[in-house]
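Asker: Following the hints, complete the assembly by docking chains B, C and D onto the known chain A.
Here is how the chains run, residue by residue.
Number of protein chains: 4
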Amino acid sequence: MPNESLKEYVISMRRYFHENPELSFQEASTISTIRKELEGMGLEVHEVKEGGLYADIQGMDGGKSVALRADMDGLPITEDTNLPFRSKNHGVMHACGHDAHVAMLLGVAKRALEMKSKFRGRIRLLFQVAEERPPGGAVSLIRAGALKGMDYVLGQHVISSFEAGTVATFPREAMANADEFRIRIIGKGGHGSAPHETIDALVVAAQFVTAAQAIVSRMIDPFLPSVVTFGTFNSGFRYNVIAPSADLTGTVRTFHREVQEKIRSELENVLKNICAAYGAEYQYEYSEGYPTVINTQEISEIVDSVAEEHLGKGKVLHPNPSMGGEDFAYYLHEIPGTFYFLGVGNAAKGITSPQHSPTYTVDEDTLEKGVEIMLGSALRLLS
Amino acid sequence: MPNESLKEYVISMRRYFHENPELSFQEASTISTIRKELEGMGLEVHEVKEGGLYADIQGMDGGKSVALRADMDGLPITEDTNLPFRSKNHGVMHACGHDAHVAMLLGVAKRALEMKSKFRGRIRLLFQVAEERPPGGAVSLIRAGALKGMDYVLGQHVISSFEAGTVATFPREAMANADEFRIRIIGKGGHGSAPHETIDALVVAAQFVTAAQAIVSRMIDPFLPSVVTFGTFNSGFRYNVIAPSADLTGTVRTFHREVQEKIRSELENVLKNICAAYGAEYQYEYSEGYPTVINTQEISEIVDSVAEEHLGKGKVLHPNPSMGGEDFAYYLHEIPGTFYFLGVGNAAKGITSPQHSPTYTVDEDTLEKGVEIMLGSALRLLS
Amino acid sequence: MPNESLKEYVISMRRYFHENPELSFQEASTISTIRKELEGMGLEVHEVKEGGLYADIQGMDGGKSVALRADMDGLPITEDTNLPFRSKNHGVMHACGHDAHVAMLLGVAKRALEMKSKFRGRIRLLFQVAEERPPGGAVSLIRAGALKGMDYVLGQHVISSFEAGTVATFPREAMANADEFRIRIIGKGGHGSAPHETIDALVVAAQFVTAAQAIVSRMIDPFLPSVVTFGTFNSGFRYNVIAPSADLTGTVRTFHREVQEKIRSELENVLKNICAAYGAEYQYEYSEGYPTVINTQEISEIVDSVAEEHLGKGKVLHPNPSMGGEDFAYYLHEIPGTFYFLGVGNAAKGITSPQHSPTYTVDEDTLEKGVEIMLGSALRLLS
Amino acid sequence: MPNESLKEYVISMRRYFHENPELSFQEASTISTIRKELEGMGLEVHEVKEGGLYADIQGMDGGKSVALRADMDGLPITEDTNLPFRSKNHGVMHACGHDAHVAMLLGVAKRALEMKSKFRGRIRLLFQVAEERPPGGAVSLIRAGALKGMDYVLGQHVISSFEAGTVATFPREAMANADEFRIRIIGKGGHGSAPHETIDALVVAAQFVTAAQAIVSRMIDPFLPSVVTFGTFNSGFRYNVIAPSADLTGTVRTFHREVQEKIRSELENVLKNICAAYGAEYQYEYSEGYPTVINTQEISEIVDSVAEEHLGKGKVLHPNPSMGGEDFAYYLHEIPGTFYFLGVGNAAKGITSPQHSPTYTVDEDTLEKGVEIMLGSALRLLS
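Residue numbers (numbering that gives the first Met the number 0), protein chains in the order written: chain A, 0 to 382; chain B, 0 to 382; chain C, 0 to 382; chain D, 0 to 382.
Hints listed in this document are in silico derivations from the structure and should not be mistaken for laboratory results.
Careful: at least some of the hints might be erroneous.
Note that the list lumps identical chains together, so a pair holds whenever it fits in one copy or between two copies.
Stated by the list, open to error - The calculated lysine-lysine pairs, modelled on DSS-like cross-linking and capped at a C-alpha distance of 25 angstroms, are: (1) K312 x K87; (2) K271 x K187; (3) K261 x K187; (4) K147 x K348.
The structure displayed is predicted, hence computed values, not measured ones.
Chain A with its partners taken away, still in its complex shape (with noise of 0.2 angstroms):
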C-alpha cells in the first residue's frame, strides 16, 4: 500500500520538523534534515546561502518545466500545545505550518521519483527559508540561480481558517503586499511620582496606538483593504520610573500602492504630532517588505481542476485575498505560476486555532492531499 506508506512518511516527517523548528536565516539542522533524505532519495541537491536549497527530478525528455516550493522556518513564538511532538525548541514554533510544507514537497519528490518514466520535462524542489523575515530567502535562491530553465513555479501553503478537505485559489492577486515599521518615541524620564518633570514616552505612545486607529477607519477607502497592526511595544524598565521611551513595531498590509503610501505617510503624520502635543521626539523606519503575490490566471484554474478532482466537486473555494504577505511574490516576477491553500482546520477535532497563534496545528490527515494536488498540477503543467 504505497499511498499508506506515503501518508506515513510525510506525518512524520513533519512531526520531526514540528519538533526541531528554527528561526529564519537559522534554518541549518533542518536543511541537514531535507539534505539527507533528499539524498537517500538519490538526488543531487544544490545549497544556496541565505536560500535554501534545491534538487531536479528529471523525467522523460521533452515536456516543460515547473518549479514546486516549500518554505521552512519556524517563528519566534512559545508553543502552547500539549502534541507529543510539540517543539523542543523553547520559544521556536512552527505556528505558520512550514513544518508541513516541507513534508508535502518531501513526499511530492517520493512520489515523482516513483513514477519518473511515466512525465516528461522536469520537476525541480525548491526547500527556502525564512520566508518570515524580509527579505527573505526567495530573492538568494533566485539570484542563484534557483529558476534557471524553470517555466512555470507553484506555491502551496496550508491554512487552517479553512477546513480539510478544501483547497482556496486566487486566480490574480492572492496575498497582500507587507511592510514593516519600527517606531521609537523619545520622552524625558524620572521618577514615577513626579510626571509634571517629564515626558511620559509610554503614555505619549498609548494615545499614538490609539490615535493611529483612525488611520485604517477614517483615511483610507473602504473598498481598497489595508491593515495597520502594532505587533510590539515595549516601554519602561521599572514600575515606579517613568519611561523615557517607547518602541514599537508593526505591518502594514495593502494591495494598492497608492494605499501603501498614503499608510506610510500618515502614520508618521499621526506620530510626528502625537509627540510634538506632549513635547516628545520620534524615530520612524519603515520598510518595504514582500510585495503583492499576483498569480497567473490560467495556472490558477489548472490548480482548480486538479484539485475538484481529488476533492470533489464545491471543494475549492475562491476566497478574497489574503492580507499576509508571501516572498513567492518574487518567483512570480520571473516566472508565470500561482500560490494556493490547502485548508487544515478541522473543526469536529478541534483544530481551529488560528495561523501564527501559539496553539496553531494542522489535521495532517490532509496533508497526502495536499501532496497529490501539488504533483498533480505540477505534472498538468509539464504536459
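Answerer: Structure of chains B, C and D alone, referenced to chain A:
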C-alpha cells in the same frame, strides 16, 4: 585641615559606591565595604538579614539617643553619563543618590567619633538596604531591634531639583503613600494581517492607558494630590504577529487613604470595562506600598534651625510634600523624627537631571554640608 | 434647434429647484411645480402621500414598460456658494443633486412626448420624495401601485467625484446598506470646577468615539467594506457646567448582513463598557436603513452600451460600489433594473466639492447627456 | 415674633426669585423687584448699568463702613425639579442659589433697618448682576463708585455640598482663577459613507478631548490644583453627513499664575498637533476670567467667630479653596474683606444636588441663619 580631609573622604566613598551599584536586596558588596569602613573606625557592626547593618557611637553618659539612616541600593537603570566613576555594573545605577547617603553617613561617623567626648548620648548609624523595592529594608531593621533604645530618627535624602546650598524640610507630611500595580490584559493573538480573527491586546492596553488618564483628571478632587504612573508596558513578540497579551506595571501616589482607595478601585473599573469593550480579559494585582511619611513638627523645626546656621538665611525651603514613597515612614511609625532633603542640583554646573534619570548626578561639593547638618541636628536632639 | 431648447429647459428647471430646496417629506412646493410642468405637457399626474407623484407616457401599442425615477428632496445644509441661484431657503440645500434629477426627468418627459409615436410601450416617470430620510418615499410609491404593470426600473444619480462626460455603472451591488444609530450617554452634571463630583458625559462620549474607531480598524475583515460615521455630537450647554449627557448620531454602511450585525452589536458593546468604565449610563437605538442596492446585470450592460454611444469609448466606468445608501433598493426588490451614476464633476471649472458638502454643485453642461442616456436606455428596454 | 416673620420674608422672596430667574446681564425684572423692595423699606437706590444696584443703611455717626454683596443672575439650565415654585422661565434656572443670596441680603436690610439706632457706621447693600458671565457685574459696580467710602466687603455664597448649619471659610485663597476657552476645529465635511474624502472634525475633536486629559494627569505638578473642563461639544448637523467642524468651549481653573499659563499654552499645543495629525485646522480663543479670590485673614477669622456663636462649636469648617471662579475677586482687589460659604445641603431632606445641576435646591430653613451671620459679621466689622 580636618574638614578638607573629611570632604575628600566623603567624595571618594561616594564615587566608590557610585561605580559599584547594587540592586535592592542584593547589596552584598556594598554592605561589606561599609562594614570594613566602620570596623576600620573601631565600631562594632550589627548586620541584619534583608535589613542592612548598624553601629553605635556612644558619647558621654546621659543625653538622648538618635538614629541616623542612610539607604544604599541602586536602580535597574543603565547609566548614561561620562563620569569617570560611572557605573561598572551595566544596567544598574545609583540614580537616586543613595551612594551619597552612605558616604555622608560614613562621614558623620568619622566626625562624630572625633568629638565623642564632647556630646552626651548615643548616635546610631543605620545603613539600610532596599529602599527602592517594597517591602524595603526598614521593616527588617526595625524587627531586628535597630530602633531599640532610640529616642529619635533622622533621614536625609539628596535631591537634584533643589540647588546645592539649600535644605528642604516638611513640618508634617513629607512623602506620599506609594503603591504598585501589575496588570495583564489577555486578548487572543494571531496573524498580523487578520485583526478580525483576534483580540488585539496591545491596542486594548493602549486604550486603557489613554482612558486611565481621566482618573486623575476627572475623578479625583483636584485638591487631593494624586499620581497614577504606568512605568512599563510590554506587549507582543514580533512585528507581524498580533499580541495575545499585554503587561503593564505602575505606581499610585497619594496622601489620603480615601484617594488611594478610590484610585485602586477606579483603575480596576476602567481596566475591566475597557477590556470588556473589546472582548479581552484581565488580571489586576495591587500592592499597597510604603505609607505616607509623617514628620514630627518640632524635630523638623530643629533641622530648620541647624540648616540655617550652616547655609544661611533663606536657604531652608518648605516645599509641598513629595509624591515619592519612602520606607522611612516605618521608622516614624515607631519613634519621633523627621525626613528632609539636601539640595544637590547645580544649574551652573549642568547638574539638573531629575532623580531616577539615566543622567542623574549630584553636586559633590555640597556633601560635606550634608554631613554637618545631619550631625548638627543629631547633636541638638541629644542634648 | 430642439436640443438647444431642451438643454435650456433642463438647466433652467434645475436652477429653479436649486434655488427652492425643501427637506424630506416637506416637498410641497417642489411637487406642485413638477405637477404644473407635467400637466402643462398634457400628462395625467398621480400624487401619492409621502411618496411623490408619477405620470405615464404611452407609446405605440405593444412593447415593455419601464419606470424612470428621480428623487427630489434637499438636505439640511446651509449652502456656501456664490451661485446666482443659490438656495433661498436658509439651512436647506440641494447638496446631493436631486434638483438635477428632477430637471433631467422633466427633460426626458418632454423629449419622450415628442417621439411617442416612434416607440412601443410605456414610460412611467417617478418623482419621489424623501430619499434622504428613511423610511424614504419609495416605499409609499410602491405601496400605492407606482410599479404596477412595470417591467423594469432605472435610476440615475449625478455625482461630482466623476468627471462630466462619464457614466459609472455597477453590474450587481451598487449602493451599501445604510443604517442609522442614535446614542445618549447619561452622566451626572455639575459645576465645571468639581469634576470629581460628576460623571462627565462629554469626556465619556469623546472616549467612546475614539474607542469606536477600533471597530472598523480591528474587528471587521478588511475585505468586507464597512464605515462607521458619527455624524453629530452634542453635549453640554455652558462652558463652565459639566455636561450631564451627550447625544450622538451616526450611520453604519455595509454590504454584508454579518458585517452589519457585527457592527451593530460591537458598537453597543464598546458603548456599554466605555460608559461603565466611568460610571455613566447609555441609551442606544439602531434603525436598519435602506438595504443594499443590487442591480440586474443585463440591464446594467444595456446602460453601458447606450452610455458608450453617447459619451464615447472609455467613458463608461465600473468603480467599486458606493457606500451611500439609497431607497432605490426597494424598487429593485420588486422588479429588475439598474441604478447608475452620471459624472457631473469638472475640475477645469472648479466643480470638485463632494456630495453633501456646502459648496456642492454640478456641471450643468452634462445634464442634457443625462437626459439622452436615461431615455436611450429606457427605449432599449422597451423594445 | 419678628424673627419668624423675617424667616418667612426671606423664604418668600427666595421663592419669588427662584420662580423668575433671569440670565446674566438680562436681570431687568429682578432689579426692578429688588428696587421695589428697597424703596418700600425707605432706602435710596443707586442703579448701575451692567452692574446692578446698591443702597446704604446709615447707622449712628462714627464707625466703619462695610459693603455686603449678593449676586442675582440665573443660569441657562432647564430646571428638573418638582418644586411648586420651580422656574417659569424655561431654560433658565437659579441653579447656583443666587435667588437665596438676594433674599438673604433683603433680609439683612430689613433687620439692619430695625436696629440702625444701635450701631455706628454704614452698611452698603450691593445687589450685583452677572456673576456667572465674565466680565461680570462687579467691575461695573466698582467703576461706578459702589465701593467708594467702604472699609470692608463681605460675600456669602450658599453651597449644597456642605450641610445646613455649617459655614465654611477660607483664611486666604477662597476661589480659583476661572478662565474660558472657545475652540473650533475645522475639517472637511462630506458624505457619511466616504470618510477618506473628508477630514472628520468630530473624530478629531473627540481625540483632542481624550488627549487633553493628559494635561492635568501628566503635565501639571500634582500639588498645584487645576481643572480643565470641556463644557460643550457641538459638531455635525445630520447623522449621515461627516461634520466639517466641531465647536468646543470650556473652563480652566487654577490658583497659580504659572499653572494657568502652562495650561493655556499646553491646551493649544495639544489642539494644534492633534489637528495636524489628521490634517485639520483650528481656532483657539482663551479669555482670562475672574482672578483668584484672596481673602483677608483677619476678616475671615471674624466671620469664624460670629458663625460659631450662631451655629455652635465645630460648625465652622475650613475646607480647601473652591475651584469655582467668582468676580468677588475684584472687590477684594480694592478693599479688605472675605468670601465664605453657607451650607444649605440637607441629606435627610434629600437636598444633595451639586451647584449648577438641574435638580439643585437649598434648605430654606437655614437662610435666616445666613442673614444673622452676614449681619453679625458686618456689625463686628463696623465697631
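Asker: Against this structure, judge whether each hint is valid.
Answerer: Verification of the hints:
no., hint, verdict
1, K312 x K87, "neither (40 angstroms within a copy, 64 angstroms between copies)"
2, K271 x K187, "both (16 angstroms within a copy, 21 angstroms between copies)"
3, K261 x K187, "between (30 angstroms within a copy, 18 angstroms between copies)"
4, K147 x K348, "neither (43 angstroms within a copy, 55 angstroms between copies)"
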